[in-house]
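A.B. asks: Single-letter residue listing:
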Amino acid sequence: DTEVTQTPKHLVMGMTNKKSLKCEQHMGHRAMYWYKQKAKKPPELMFVYSYEKLSINESVPSRFSPECPNSSLLNLHLHALQPEDSALYLCASSQDLFGLARNTGELFFGEGSRLTVL
Amino acid sequence: AQSVAQPEDQVNVAEGNPLTVKCTYSVSGNPYLFWYVQYPNRGLQFLLKYITGDNLVKGSYGFEAEFNKSQTSFHLKKPSALVSDSALYFCAVRDSAGNNRKLIWGLGTSLAVNP
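Chains as they are written, first to last, in the working numbering: chain A, 1 to 118; chain B, 1001 to 1115.
Hints are supplied without guarantee of correctness; some may be wrong.
[What the hints assert, rightly or not] Listed below are the simulated DSBU-like cross-link pairs for lysine-lysine, each with C-alpha atoms no more than 30 angstroms apart in a straight line:
| # | chain 1 | residue 1 | chain 2 | residue 2 |
| --- | --- | --- | --- | --- |
| 1 | A | Lys22 | B | Lys1022 |
| 2 | A | Lys41 | B | Lys1077 |
| 3 | B | Lys1058 | A | Lys53 |
| 4 | A | Lys9 | B | Lys1049 |
| 5 | B | Lys1102 | B | Lys1022 |
| 6 | B | Lys1058 | B | Lys1069 |
| 7 | B | Lys1077 | B | Lys1102 |
| 8 | B | Lys1049 | A | Lys19 |
[Unchecked claim] Beyond 10 angstroms from chain A on every Cβ pair, some chain B residues (computed):
| # | residue |
| --- | --- |
| 9 | Glu1066 |
| 10 | Lys1102 |
| 11 | Leu1107 |
| 12 | Ser1110 |
No wet-lab data here; the hints were simulated from the structure. For each residue, glycine too, the CB sits at the ideal point set by N, CA and C.
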């Protein structure tokens, strides 16, 4: 069983809707990630938070807005999405961010939120 | 530049036979190497990692991988495949040099184990 919990598992939204994806971990990890994954492709990094601060933004369009309310929670706010944004959105956490505290550890992924934009 | 290659899109193996999923990498410093598995309609699960030390790494579900520095490879292996091993497998690498904080992912290999 995954220790990273994502909700909702499935989401269908129109291009004018506003919705949010949520992620929670209770492993005491200080780095949290959002990835986007298309079918049978590797995950694409979107955002990384380290100690609740945005550390990496991979030039993601502003219609995706991340938020880290505390060290256990990570949100992804969605607004005015396009059909090509339909994908599996994966949240992950790690003990620390690569390059900090020399963390070499693995990522723990949630089961993902499957998003369909109509 | 860092890169990871998984030369096979698809690997087919009969149940009970040994399996190998190949991965080669290119980094400037020492590599930190990872294997992840993704079962249908699921998230990614960590299988094993190589950071330093013994070249043969053992991981979850009976999988192991051998780090070969001279061939810059990190192939995933299992002595006896199960039908339940059928999934998408990703190799990933991080370069220990510099301040790069991102994993570089291979394109994935779909493993099909036939009964």
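A.B. asks: Decide, hint by hint, whether the structure agrees.
C.D. replies: To see whether the hints hold, each was checked on the structure:
1. Lys22/A with Lys1022/B: violated (35 angstroms)
2. Lys41/A with Lys1077/B: holds (21 angstroms)
3. Lys1058/B with Lys53/A: Not satisfied, since the Cα-Cα distance of roughly 35 angstroms exceeds 30 angstroms.
4. Lys9/A with Lys1049/B: holds (28 angstroms)
5. Lys1102/B with Lys1022/B: Given that 30 angstroms is the threshold and the Cα spacing comes to 21 angstroms, the pair holds.
6. Lys1058/B with Lys1069/B: holds (17 angstroms)
7. Lys1077/B with Lys1102/B: holds (25 angstroms)
8. Lys1049/B with Lys19/A: violated (36 angstroms)
9. Glu1066: holds (18 angstroms)
10. Lys1102: For Lys1102/B, whose nearest Cβ neighbour in chain A is about 6 angstroms away, the distance does not exceed 10 angstroms, so it is violated.
11. Leu1107: Given a closest Cβ separation of 6 angstroms, the condition is violated.
12. Ser1110: violated (7 angstroms)
In the structure shown, a violation is registered for the earlier hints numbered 1, 3, 8, 10, 11, 12, in ascending order.
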